[in-house]
Every structure is written in C-alpha cells, then in structure tokens.
Amino acid sequence: MKNITVKYGVDSITKQVEDDFTFGDLQESDVFKAALGFGDHTKALVEGIEQDRSTVIPAGATVRLETAANTKA
Amino acid sequence: METTEIIIRENGTLTRRVIRERDLDAEQSVLDALTEGVTRIIRNVLSLPEWGLVHANVGHHDTIWSVVIDRIPLHARFRLINNVLVPAFASASDLEMPLVWRAPQEVRLAFVVRTAVENDCVKVDGNWLFACDQDNRGYRLPLPNLHDDCLICTGNFDDRYDSGGECVTASLEQFRKSKWNADLMRTVERSQKFFRFQPTNETFETLPIEAADWTTLCDKVSTDIMERVVL
Chain B
1 MKNITVKYGV DSITKQVEDD FTFGDLQESD VFKAALGFGD HTKALVEGIE
51 QDRSTVIPAG ATVRLETAAN TKA
Chain E
1 METTEIIIRE NGTLTRRVIR ERDLDAEQSV LDALTEGVTR IIRNVLSLPE
51 WGLVHANVGH HDTIWSVVID RIPLHARFRL INNVLVPAFA SASDLEMPLV
101 WRAPQEVRLA FVVRTAVEND CVKVDGNWLF ACDQDNRGYR LPLPNLHDDC
151 LICTGNFDDR YDSGGECVTA SLEQFRKSKW NADLMRTVER SQKFFRFQPT
201 NETFETLPIE AADWTTLCDK VSTDIMERVV L
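Just so you know, the sequences run in chain order B and E.
Mapping the first sequence onto the numbering used here, position 8 (from 1) lands on 8, and the numbers just tick up by one.
Mapping the second sequence onto the numbering used here, position 119 (from 1) lands on 119, and the numbers just tick up by one.
Hints were generated in silico from the structure; no laboratory data involved.
Some hints could be false.
[Unchecked claim] Not everything, but these chain B residues come out facing chain E in the computed CB check (under 10 Å):
{"#": "1", "residue": "7"}
{"#": "2", "residue": "10"}
{"#": "3", "residue": "13"}
{"#": "4", "residue": "21"}
{"#": "5", "residue": "24"}
{"#": "6", "residue": "25"}
{"#": "7", "residue": "38"}
{"#": "8", "residue": "41"}
{"#": "9", "residue": "42"}
{"#": "10", "residue": "48"}
{"#": "11", "residue": "60"}
{"#": "12", "residue": "61"}
{"#": "13", "residue": "65"}
{"#": "14", "residue": "67"}
{"#": "15", "residue": "70"}
[Stated by the list, open to error] Pairs of lysine to aspartate or glutamate, DMTMM-like flavour, derived with a Cα cap of 20 Å:
{"#": "16", "chain 1": "B", "residue 1": "33", "chain 2": "E", "residue 2": "173"}
{"#": "17", "chain 1": "B", "residue 1": "33", "chain 2": "B", "residue 2": "52"}
{"#": "18", "chain 1": "B", "residue 1": "7", "chain 2": "E", "residue 2": "173"}
{"#": "19", "chain 1": "B", "residue 1": "7", "chain 2": "B", "residue 2": "30"}
{"#": "20", "chain 1": "B", "residue 1": "43", "chain 2": "E", "residue 2": "213"}
{"#": "21", "chain 1": "B", "residue 1": "7", "chain 2": "E", "residue 2": "50"}
{"#": "22", "chain 1": "B", "residue 1": "7", "chain 2": "B", "residue 2": "18"}
{"#": "23", "chain 1": "B", "residue 1": "2", "chain 2": "B", "residue 2": "19"}
{"#": "24", "chain 1": "B", "residue 1": "33", "chain 2": "E", "residue 2": "36"}
{"#": "25", "chain 1": "B", "residue 1": "33", "chain 2": "E", "residue 2": "5"}
{"#": "26", "chain 1": "B", "residue 1": "33", "chain 2": "E", "residue 2": "25"}
{"#": "27", "chain 1": "B", "residue 1": "7", "chain 2": "E", "residue 2": "158"}
{"#": "28", "chain 1": "B", "residue 1": "7", "chain 2": "E", "residue 2": "94"}
{"#": "29", "chain 1": "E", "residue 1": "220", "chain 2": "B", "residue 2": "18"}
{"#": "30", "chain 1": "B", "residue 1": "33", "chain 2": "E", "residue 2": "94"}
{"#": "31", "chain 1": "B", "residue 1": "7", "chain 2": "E", "residue 2": "96"}
{"#": "32", "chain 1": "B", "residue 1": "7", "chain 2": "E", "residue 2": "227"}
{"#": "33", "chain 1": "E", "residue 1": "220", "chain 2": "B", "residue 2": "11"}
{"#": "34", "chain 1": "E", "residue 1": "220", "chain 2": "B", "residue 2": "19"}
{"#": "35", "chain 1": "B", "residue 1": "7", "chain 2": "E", "residue 2": "224"}
{"#": "36", "chain 1": "B", "residue 1": "7", "chain 2": "E", "residue 2": "135"}
{"#": "37", "chain 1": "E", "residue 1": "220", "chain 2": "B", "residue 2": "30"}
Just so you know, even glycine gets a beta-carbon here, dropped at the ideal spot from N, CA and C.
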C-alpha cells in the first residue's frame, strides 16, 4: 500500500491505495469521485505535466486532477 | 575580478585557490525563464458600465480577465410549466425571449476572458463562465453552449483589438447578444430547476433556484483557467 494526495480545485484528499494503483484507476475511482466531486472527463497532472492513464502513481505523489475539455459533437 | 586565496590544510599542505568572477549580461532572460509560470493578480483594473469591476491575472504569455457579473442574459426559447417560465433550449416552437437571469447572492458568477498579444494587437483567446461557491469552488452551470471546462461556445466575433479592455468589452457584448441553443446540451431538467422566471404584469422576475443546494444542479470543475480566476 502507498499514500497519494489528490487535489481537485480547492479540495484535496490523502488516501492509501494499492501499490499498482494507476492514474487511470484514480480517474475512474468512485471513492475519489465521491470525495472530490470530479466527473468522467478528467486529466491527471503531476507538477503540471499530464500523466498517462496506464502509469502507476508513485508513492507519496501529489496528483492534480483537472476537468478535461470536451468538444462539440 | 580575480581573487587568490592560499589555504593551509590541517596536514600542512598549501593550496592556492583562484576565483574569477564575471558579471553575466543575462539578468532579464534568466529572470524571464525563472518566472515563466508566475502570475500576478491585479484587482480593479477596469470598471465596465452595466457590468462592473474587472480583475486581471497577468501571466508571461497571457492575461486572464475576470468580470464579476450578477446576471446572465438568456436569449433562448422558454416554456410555461405550472406558471413558471423555464428554458426550453432545444425547442423549435416555444417563444423566444431575451430574459435576464439574476444570480442569487450565494452564486458568484465569473465571466472570464483570456487575451494574448499577437502581432501588435491583443487577441481574445477564449471566454469562460464559472459559478463559484463561497469557498471558491468552481462549477459548470446547467447551460448549453458551455463545454465541460466552462469554455463558452460563443460563435464568431471580431477577436482582435488594440487593448485588453476592448477585448473584454467585445466578449461581454457577444455574451449579451448571443442566443443559447441546444449545442452541448445534456439534460434540460437541471436548467429548468436553476433558471426560473415568474411572469408579472410588466416584466419577468427571477425565481429562486429549485434546490436546497444549487451546486447539486451543477458539475464541479477544476482547470488551469479556473485557478486564475479573481473574484
């Protein structure tokens, strides 16, 4: 297990997750969604750099989630 | 400048150290590189008639202008449901009217314009509409013509001016006169609980939002633009 901190707007949460927990897992996590109020379309950034969904989140990392822009159908 | 030092070490060895110092003529470029991501907030930059105060968040490459507005011009189609007039954005048959929705005190609205200097003129790089709660959380209003990140689908308008102030004024004028249609529409139910009007003899009065907590009708947003909004 490892600790990660996730920020969404002015809100943040620090939580313990599995060692192989990825950025994609975070973006789809109902637990984090409920705690921070983000939706289905997000991007994950560490130090301002957008991260790939398949990348494992490093222990102790602070992840900033942002609302991803959609486009007109 | 050159400085020479003779060092006597503990084991008796003598060491000569020469230090050369030279001023580098790179102060501004180094400073620019180090402060590339730094922004500065300037409050009360402009006061626009009919709209109010404008604050700025000035970055190295762009400026984010925040206009704290208290109303939203809703040029759309409306339908009367149980004596309450509500928007029917996707309708083709209901009455089209330019109503103005007055925001209650707990809903803080920020109309946002991003500008950047390009070829000796200032260019509008986008317009956003955020609703904020008392703790500065940002929300997407239940409106069509708004992308997930609160970017407004404005339609085309002249986006190049001599000054940032003119860009803000032009963006607000486009916001005032644009029609709200069903582009980017999700569910109209939230809109009809949020934007409600009571027809009176002479005008249309904004009714309270039909929810104990208005944020439950909106989507919470977090973006780099929202981070730079000044309220």
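To see whether the hints hold, each was checked on the structure:
no.: 1; hint: 7; in the structure: holds (8 Å)
no.: 2; hint: 10; in the structure: holds (6 Å)
no.: 3; hint: 13; in the structure: violated (13 Å)
no.: 4; hint: 21; in the structure: violated (20 Å)
no.: 5; hint: 24; in the structure: violated (18 Å)
no.: 6; hint: 25; in the structure: violated (19 Å)
no.: 7; hint: 38; in the structure: holds (7 Å)
no.: 8; hint: 41; in the structure: holds (5 Å)
no.: 9; hint: 42; in the structure: holds (8 Å)
no.: 10; hint: 48; in the structure: holds (8 Å)
no.: 11; hint: 60; in the structure: violated (21 Å)
no.: 12; hint: 61; in the structure: violated (17 Å)
no.: 13; hint: 65; in the structure: holds (6 Å)
no.: 14; hint: 67; in the structure: holds (4 Å)
no.: 15; hint: 70; in the structure: holds (4 Å)
no.: 16; hint: 33/B / 173/E; in the structure: violated (37 Å)
no.: 17; hint: 33/B / 52/B; in the structure: holds (19 Å)
no.: 18; hint: 7/B / 173/E; in the structure: violated (35 Å)
no.: 19; hint: 7/B / 30/B; in the structure: holds (15 Å)
no.: 20; hint: 43/B / 213/E; in the structure: violated (27 Å)
no.: 21; hint: 7/B / 50/E; in the structure: violated (37 Å)
no.: 22; hint: 7/B / 18/B; in the structure: holds (18 Å)
no.: 23; hint: 2/B / 19/B; in the structure: holds (6 Å)
no.: 24; hint: 33/B / 36/E; in the structure: violated (32 Å)
no.: 25; hint: 33/B / 5/E; in the structure: violated (63 Å)
no.: 26; hint: 33/B / 25/E; in the structure: violated (51 Å)
no.: 27; hint: 7/B / 158/E; in the structure: violated (37 Å)
no.: 28; hint: 7/B / 94/E; in the structure: violated (43 Å)
no.: 29; hint: 220/E / 18/B; in the structure: violated (27 Å)
no.: 30; hint: 33/B / 94/E; in the structure: violated (38 Å)
no.: 31; hint: 7/B / 96/E; in the structure: violated (42 Å)
no.: 32; hint: 7/B / 227/E; in the structure: holds (12 Å)
no.: 33; hint: 220/E / 11/B; in the structure: holds (11 Å)
no.: 34; hint: 220/E / 19/B; in the structure: violated (29 Å)
no.: 35; hint: 7/B / 224/E; in the structure: holds (13 Å)
no.: 36; hint: 7/B / 135/E; in the structure: holds (15 Å)
no.: 37; hint: 220/E / 30/B; in the structure: holds (15 Å)
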